[in-house]
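**Q** Each chain, letter by letter, is given below.
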Amino acid sequence: MPEKILNSINITRLEILDATGTVDEALMPRLSDADIRKMFELLTLSRFFDQRALSLQREGRMGTYASILGQEAAQVGSAFALERKDWVFPSFREMGVHIAMNYPLHLLYQYWAGDERGLRTPEDLNIFPICISVGTHIPHATGAAMAAKYRRDNHAVVAYFGDGATSKGDFHEGFNMAGVFKLPVVYICQNNQWAISVPREQQTAAATLAQKAYAYGFDGIQVDGNDIFAVYKATKDALVKARAGEGPTFIECFTYRMAHHTTADDSTRYRQEKEVELWKSKDPILRLKLFMQKRGLWSAEYQAEVDKKSKALIDEAVQRAEAAPPPKPEDMFTSTQEQLTMRQQKQLGEL
Amino acid sequence: MPEKILNSINITRLEILDATGTVDEALMPRLSDADIRKMFELLTLSRFFDQRALSLQREGRMGTYASILGQEAAQVGSAFALERKDWVFPSFREMGVHIAMNYPLHLLYQYWAGDERGLRTPEDLNIFPICISVGTHIPHATGAAMAAKYRRDNHAVVAYFGDGATSKGDFHEGFNMAGVFKLPVVYICQNNQWAISVPREQQTAAATLAQKAYAYGFDGIQVDGNDIFAVYKATKDALVKARAGEGPTFIECFTYRMAHHTTADDSTRYRQEKEVELWKSKDPILRLKLFMQKRGLWSAEYQAEVDKKSKALIDEAVQRAEAAPPPKPEDMFTSTQEQLTMRQQKQLGEL
Amino acid sequence: MPKLTMVQALNSALKGEMERDKDIVVLGEDVGKDGGVFRVTEGLLERFGSERVIDTPLSESGIVGAAIGMAVSGLRPVAEIQFMGFIYPAFDQIFTHAARIRSRSRGRYTCPLVVRVPYGIGIKSPELHSESSEAFFCHMPGIKVVVPASPYHAKGLLVAAIRDPDPVIFLEPTRLYRLIKEEVPDDMYTIPLGKARIVQEGDEMTVIAWGSMLHKTVQAVEGFDAEVIDLMTLNPFDAATVLTSVKKTGRVVIVHEAPKTCGFGAELSATIAEDAMLSLKGPILRVTGPDVVVPLPKLEDYYAPSVERIRKALEEIMKY
Amino acid sequence: MPKLTMVQALNSALKGEMERDKDIVVLGEDVGKDGGVFRVTEGLLERFGSERVIDTPLSESGIVGAAIGMAVSGLRPVAEIQFMGFIYPAFDQIFTHAARIRSRSRGRYTCPLVVRVPYGIGIKSPELHSESSEAFFCHMPGIKVVVPASPYHAKGLLVAAIRDPDPVIFLEPTRLYRLIKEEVPDDMYTIPLGKARIVQEGDEMTVIAWGSMLHKTVQAVEGFDAEVIDLMTLNPFDAATVLTSVKKTGRVVIVHEAPKTCGFGAELSATIAEDAMLSLKGPILRVTGPDVVVPLPKLEDYYAPSVERIRKALEEIMKY
Ligand SMILES: Cc1ncc(C[n+]2csc(CCOP(=O)(O)OP(=O)(O)O)c2C)c(N)n1
Ligand SMILES: Cc1ncc(C[n+]2csc(CCOP(=O)(O)OP(=O)(O)O)c2C)c(N)n1
Ligand SMILES: [Mg+2]
Ligand SMILES: [Mg+2]
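Protein chains in written order, with the numbering used here: chain A, 252 to 602; chain B, 252 to 602; chain C, 600 to 919; chain D, 600 to 919.
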């Protein structure tokens with residue numbers, strides 16, 4: 252074409268740790284052995300959390316639940332890069348983020364058992380309540396970043412969402428404002444290849460999700476979402492950039508939803524078992540384990556200890572969640588506004 | 252960066268006719284002398300239409316009006332490429348499109364005078380009513396293209412909107428579905444650099460609007476919107492592609508809103524007169540005139556004749572619009588649904 | 600006649616209508632391969648192909664917006680919004696366009712669109728999966744709102760909605776999807792929109808309900824001489840049937856699960872207070888959800904009107 | 600005291616509050632350099648800078664969504680939606696988030712957000728520039744809805760809305776923006792939300808209105824012994840004042856410009872029919888816009904309730 256070229260864009264992918272546990276040393280972020288062990292322990296705890304949630308649900312002790320199986324590295328790896336006071340806007344499938352941020356486990360179980368009290372974030376964290384309506388929390392992250400920028404308080408803001416969320420108008424409006432105001436925000440997409448039964452290729456015709464960032468004048472990057480080092484590095488870099496006032500970044504974590512969409516879903520209706528099989532070999536925890544083995548950071552005893560510790564934490568959390576007294580009818584009313592309306596008072600009386 | 256490159260995108264700009272009236276012959280689309288004259292006449296008629304609307308408004312004979320001054324080529328040039336039965340989804344600043352499609356002029360005046368009857372498109376055209384809510388008609392074009400594709404009726408679909416509309420969620424959702432289903436639709440943005448008082452650079456941080464198409468997996472191109480040949484060629488090519496089943500195209504017409512946003516606006520509050528001056532030299536009609544002069548297609552007598560004919564058409568349209576009997580109160584009711592509800596019947600009786 | 604659940608009855612309506620008219624297409628999230636998260640569209644993809652049964656991106660405004668474009672250009676789309684809690688992103692498309700296209704084009708364009716929406720509390724689901732916001736759509740001139748309360752009516756009303764020349768919001772009570780089985784004809788039949796039905800006749804009070812609340816109402820009225828009305832269409836609603844009944848009984852109780860303030864019960868009550876005031880023996884009572892955010896499962900039983908709360912109101916009204 | 604128009608009074612409220620509290624920021628389309636299309640935010644950009652007076656992209660859902668994010672993280676945003684006809688794209692953010700954040704987080708997060716929205720018919724403007732859809736927002740637990748009817752009240756209510764700990768939809772009647780001038784104190788003062796005011800006392804009927812309809816109502820009641828109530832806050836509304844008046848007069852007329860069906864008048868009527876039925880002498884009348892799409896200027900005078908239509912209702916109610 253003889254037309255003038257106005258702009259050229261390259262969309263890149265970052266990979267550090269491969270499925271055999273080998274890392275690209277040139278790209279490897281600085282992480283101490285203790286950091287790496289901590290990552291492994293958080294991944295393991297996340298998986299234990301998830302497995303227990305699924306079995307509680309089967310036993311009728313919990314409501315509909317959205318498994319994070321397979322996505323642990325994309326969640327723990329990114330959250331590992333955050334400061335405690337950073338603002339986090341999660342969707343409903345990011346318990347690995349909660350866990351890495353040290354959100355009380357029993358509250359997570361309480362929430363998934365159908366109790367709003369599980370969403371009351373402890374005062375020392377700035378995690379927003381889980382957002383069920385897909386993608387609608389993205390503009391909140393944008394707004395929180397406007398506030399952070401205005402106050403110069405050096406908090407960064409992170410929003411998490413799935414591949415399906417990229418089709419929503421709110422994704423667009425939130426991203427666009429972040430670009431215009433050059434905000435300290437990092438958008439992290441868990442591209443787990445499925446939005447219930449809709450595969451990634453039917454969600455959008457774009458070759459990558461990462462490239463969507465360029466529509467808003469900032470950078471997008473795809474990372475291997477099952478590679479905890481790549482996820483960590485991309486997030487860390489994006490956060491440094493955000494705090495330096497250099498604007499937003501979009502990170503597409505290329506991963507896979509290993510389980511059904513939720514416990515109410517039957518994924519055999521719409522996807523092939525062999526696709527799931529293929530991804531098993533890319534398991535994010537296995538991969539880190541192989542790496543640690545090579546580094547001498549893993550042993551059978553260590554694993555046993557990690558498992559034991561995880562199980563104990565989960566046991567305790569479940570117990571605590573289930574020991575909580577049931578919510579009271581007035582709990583429905585009390586936080587509608589700061590004060591009950593006259594009408595609400597009357598209605599409460601009538602119950 | 253040592254990362255893998257997944258995808259590379261170039262955003263291009265098409266220019267054929269420059270401000271001196273010189274064309275790039277290699278790019279020049281095939282157009283007969285009659286075609287070129289027709290284009291000139293439609294441009295002139297559009298300008299006459301616009302000038303008269305502004306003066307009627309000043310005299311209190313018309314409501315708030317949005318001038319198309321400076322954008323005539325982007326409108327007439329693109330509409331010139333359309334077939335009569337193609338579906339057109341305009342916004343509120345595309346009267347040049349209506350005029351090129353032969354929409355009755357008096358209806359346009361009637362509409363802008365605050366009378367819905369002006370929006371009843373004649374049966375032989377498929378122009379959708381003017382959309383006031385910015386960008387919200389974009390998904391309609393997507394849906395009409397789904398219908399056209401399903402029926403294999405070979406109608407293409409075109410949606411027109413401004414630079415401001417690109418920030419709306421509906422732009423995103425409509426574009427994304429068009430990409431996924433590879434629809435026969437052409438989206439034409441009149442980037443006139445302003446959305447009321449908000450300049451293009453504050454609307455989005457993207458270097459071009461054209462590049463937004465790549466977020467949806469299809470092509471976007473910027474054209475000089477004051478260059479009627481470039482606009483025509485880009486639209487024609489996109490329509491051929493659409494009819495061949497090769498999917499959507501996004502065309503950014505780079506132009507300028509020479510007038511106030513509407514007759515209710517005062518643009519001196521937010522933009523510099525010298526910016527407007529700069530664009531005067533890029534006038535789309537002047538440019539075509541210079542070209543025609545060189546080609547021997549223009550003479551003072553021809554101009555006088557075109558002006559006279561335009562004025563006569565406008566006079567007649569205004570007269571006809573103003574001679575229409577005022578709408579009746581029942582007109583408010585009659586097309587809410589196919590049939591009046593009982594309640595509406597009662598309400599009508601009470602008026 | 601086969602006994603069907605509401606899910607099956609709706610599925611049968613869609614199948615039958617799609618056989619009849621190839622302008623009918625179905626679109627929404629997971630309506631194709633998955634057959635809809637509630638399986639209402641099950642088997643349609645296999646039968647009618649992916650051009651007519653369209654799995655869309657996750658994009659409610661886009662779904663309704665595209666459906667409007669289809670409807671305007673002559674198709675008859677049936678869009679699904681996965682849960683009522685996710686219809687709000689499409690609110691603008693419904694209000695600004697679906698409702699107004701006929702009017703705005705002075706009749707040149709019409710919008711024969713059905714938006715199917717599972718709604719209501721009672722299946723212990725996550726946030727925003729239990730909403731009942733019918734009243735919003737009843738305040739939109741140009742939009743019809745329909746709510747079936749049984750498999751038989753679900754089928755007849757859905758067929759009528761699909762054949763209607765104007766946009767219809769079709770609300771499906773999730774709690775009833777599989778709760779009741781009922782004889783449902785194989786053939787296509789319609790139940791006219793805009794007409795209520797008297798579920799049982801009675802002389803001492805008029806009790807009005809729709810959707811899943813109808814069943815609780817029918818249980819609650821046991822032992823009372825109550826006339827029970829299933830409204831079926833909320834907009835435009837069948838004022839004649841309501842007023843005739845009220846003029847006979849002189850007492851009114853309205854039941855709905857949406858929050859009280861500005862719920863559809865308000866319109867019913869106001870209509871009665873305007874047009875049948877002199878027949879009334881006592882106040883017009885509303886038994887509704889409280890003015891709170893619809894709670895998660897652990898509190899949902901407190902939220903929705905219970906048989907007991909309805910009975911209390913019936914007892915109360917009988918004091919007049 | 601200076602005499603101000605409503606535009607000036609609102610501007611003075613914003614200026615004064617922004618001086619007081621630097622957490623208050625203003626955002627919206629054209630609110631900065633242009634000073635708002637109605638000039639309500641005029642001069643704020645010059646005074647407070649572009650970090651606090653933010654011209655946004657054309658993006659209503661984004662504006663409200665971002666404002667929610669700001670509010671949650673401790674700012675006090677005042678967002679402007681240019682006209683009520685363009686609030687619908689933000690409906691989801693208002694319903695799904697602004698209204699629910701306090702509840703969803705069990706009080707950990709709050710949303711002290713004001714959304715200012717010019718509304719109503721009467722200025723001969725294009726489509727979707729004349730809407731009056733207050734009722735939608737009154738059906739959202741967690742959202743307050745405020746409508747001033749004069750410059751003095753506009754300022755006091757806006758200050759109160761800004762200081763309120765919860766989200767407020769603040770509706771500004773465009774027809775009144777420059778119609779009346781009134782003495783307005785320079786200082787900041789508040790008019791409490793949730794309280795109605797009795798504009799004039801009377802014994803024979805209670806006439807309830809708000810926003811621009813209040814003025815037509817006040818004209819219409821001349822010659823009647825009418826108690827006129829300006830509701831000011833629609834949600835939560837001041838039922839006590841309404842019921843006290845109704846119990847005294849026994850006759851009620853409600854006036855609003857929104858379409859009748861499911862308009863806010865329905866809730867008022869239903870509340871009265873529930874709690875003051877035995878005091879009523881006749882039907883509860885509503886004088887409203889018809890159930891149609893709000894027309895373009897040539898028909899707008901037929902649409903909005905006129906003084907004459909209101910008077911007809913007053914005459915009618917006096918027959919009881
Ligand atoms: C606005 C909205 N529409 C529909 C749904 C129903 N729904 C829940 S999850 C989901 C798919 C989400 O896909 P994705 O964003 O990829 O996240 P994932 O579930 O894969 O983590 C859908 C359609 C919803 N929760 N919100
Ligand atoms: C959804 C919506 N929001 C706000 C407005 C008010 N408004 C009318 S035109 C306009 C600017 C439009 O800018 P652009 O899309 O660039 O079109 P242009 O006016 O330049 O042709 C605005 C904000 C509207 N009509 N619709
Ligand atoms: Mg996904
Ligand atoms: Mg523009």
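Just so you know, the hints here were simulated from the structure itself, not pulled from any lab data.
This structure is a prediction, so every number in the text was calculated from the model and none was measured.
No residue lacks a Cβ here, since even glycine has one placed at the ideal position from N, Cα and C.
The reader is advised that the hints may include incorrect statements.
Unchecked claim - Below are the BS3-like pairs computed for lysine-lysine, each with C-alpha atoms no more than 25 Å apart in a straight line:
| # | chain 1 | residue 1 | chain 2 | residue 2 |
| --- | --- | --- | --- | --- |
| 1 | A | Lys-487 | B | Lys-255 |
| 2 | C | Lys-632 | A | Lys-525 |
| 3 | C | Lys-918 | A | Lys-597 |
| 4 | D | Lys-847 | C | Lys-847 |
| 5 | D | Lys-847 | C | Lys-918 |
| 6 | D | Lys-621 | B | Lys-579 |
| 7 | C | Lys-880 | D | Lys-847 |
| 8 | B | Lys-560 | B | Lys-579 |
Stated by the list, open to error - Sample of chain D residues lacking proximity to chain C, with all beta carbon distances greater than 10 Å (derived):
| # | residue |
| --- | --- |
| 9 | Pro-601 |
| 10 | Glu-618 |
| 11 | Asp-620 |
| 12 | Lys-621 |
| 13 | Asp-622 |
| 14 | Leu-644 |
| 15 | Gly-684 |
| 16 | Thr-709 |
| 17 | Ile-722 |
| 18 | Ala-795 |
| 19 | Asp-824 |
| 20 | Ala-865 |
| 21 | Tyr-901 |
| 22 | Glu-914 |
**Q** Quick check: which numbered hints come out false for this structure?
**A** Violated: hints 4, 6, 8, 15 and 20.
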